[in-house]
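Peer 1: Sequence:
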Amino acid sequence: ADSERARLGLEQELELSEARARQAETEAKAALQKLAVAEEKLRDASLKLQKAAVAQELLSDRDQELKETRAQLSQLLKALTGGTGAEVAAQLSPAKAPPV
1 ADSERARLGL EQELELSEAR ARQAETEAKA ALQKLAVAEE KLRDASLKLQ KAAVAQELLS
61 DRDQELKETR AQLSQLLKAL TGGTGAEVAA QLSPAKAPPV
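Going by my numbering, the residue at position 13 of the sequence shown is 13; the numbering climbs one at a time, nothing skipped.
In short, the hints are calculated from the structure, not lab data.
Since the model is a prediction, treat every value here as computed from it, not as a measurement.
The beta carbon of each residue, even a glycine, is placed where N, CA and C say it ideally should be.
Incorrect hints may have been included.
[Stated by the list, open to error] The calculated label-pair distances, taken between Cβ atoms and stated as ranges, are:
#1 33 - 4: 35 to 45 angstroms
#2 5 - 43: 49 to 59 angstroms
#3 33 - 72: 52 to 62 angstroms
#4 64 - 26: 52 to 62 angstroms
#5 9 - 43: 42 to 52 angstroms
[As the list claims (entries may be wrong)] In silico lysine-lysine, DSS-like type, Cα no more than 30 angstroms apart, as pairs:
#6 48 - 67
#7 41 - 29
#8 41 - 51
#9 51 - 78
#10 48 - 34
#11 41 - 67
#12 51 - 29
#13 78 - 67
Generate the whole structure from the sequences, applying the supplied hints.
Peer 2: In structure tokens form, the structure reads like this:
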């Protein structure tokens with residue numbers, strides 16, 4: 001009788017352990033799935049950051065080109081007219097030009 005009780009107790013413990021193992025496996029699978037989703041979001045964010053960095057670099061390059069072009073134009077206008085940039089602008093803009 002005692003051995004039968006001990007056997008039943010061991011069987012119950014085994015069933016309980018198996019149930020806990022199945023629960024742990026289910027939770028682990030759910031955690032892995034969440035991790036996979038998080039990794040995908042991280043990859044997407046990283047790609048967006050890379051694209052933004054490239055765009056920022058292109059904008060910076062264009063800004064520098066624009067500054068250089070403005071400086072060159074200013075020097076050219078000065079050389080052609082002998083005046084400052086503001087004087088040249090006044091000469092080129094009919095609305096600002098003094099009446100003749």
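Peer 1: Hints first: check each against the structure and report whether it holds.
Peer 2: Taking the hints in turn, this is what the structure says about them:
1. 33 - 4: 35 to 45 angstroms: Since the Cβ atoms of residue 33 and residue 4 sit about 44 angstroms apart, the hinted range of 35 to 45 angstroms holds.
2. 5 - 43: 49 to 59 angstroms: 57 angstroms, holds
3. 33 - 72: 52 to 62 angstroms: For residue 72 against residue 33, whose Cβ atoms are near 59 angstroms apart, the range 52 to 62 angstroms holds.
4. 64 - 26: 52 to 62 angstroms: About 57 angstroms separates the Cβ atoms of residue 64 and residue 26, which means 52 to 62 angstroms holds.
5. 9 - 43: 42 to 52 angstroms: Hint holds: Cβ distance 51 angstroms, inside 42 to 52 angstroms.
6. 48 - 67: 28 angstroms, holds
7. 41 - 29: Answer holds: residue 41 to residue 29 is near 19 angstroms, not above 30 angstroms.
8. 41 - 51: Holds - the C-alpha atoms of residue 51 and residue 41 are around 15 angstroms apart, at most 30 angstroms.
9. 51 - 78: 40 angstroms, violated
10. 48 - 34: 21 angstroms, holds
11. 41 - 67: 38 angstroms, violated
12. 51 - 29: 33 angstroms, violated
13. 78 - 67: Within the cut-off at roughly 16 angstroms; holds.
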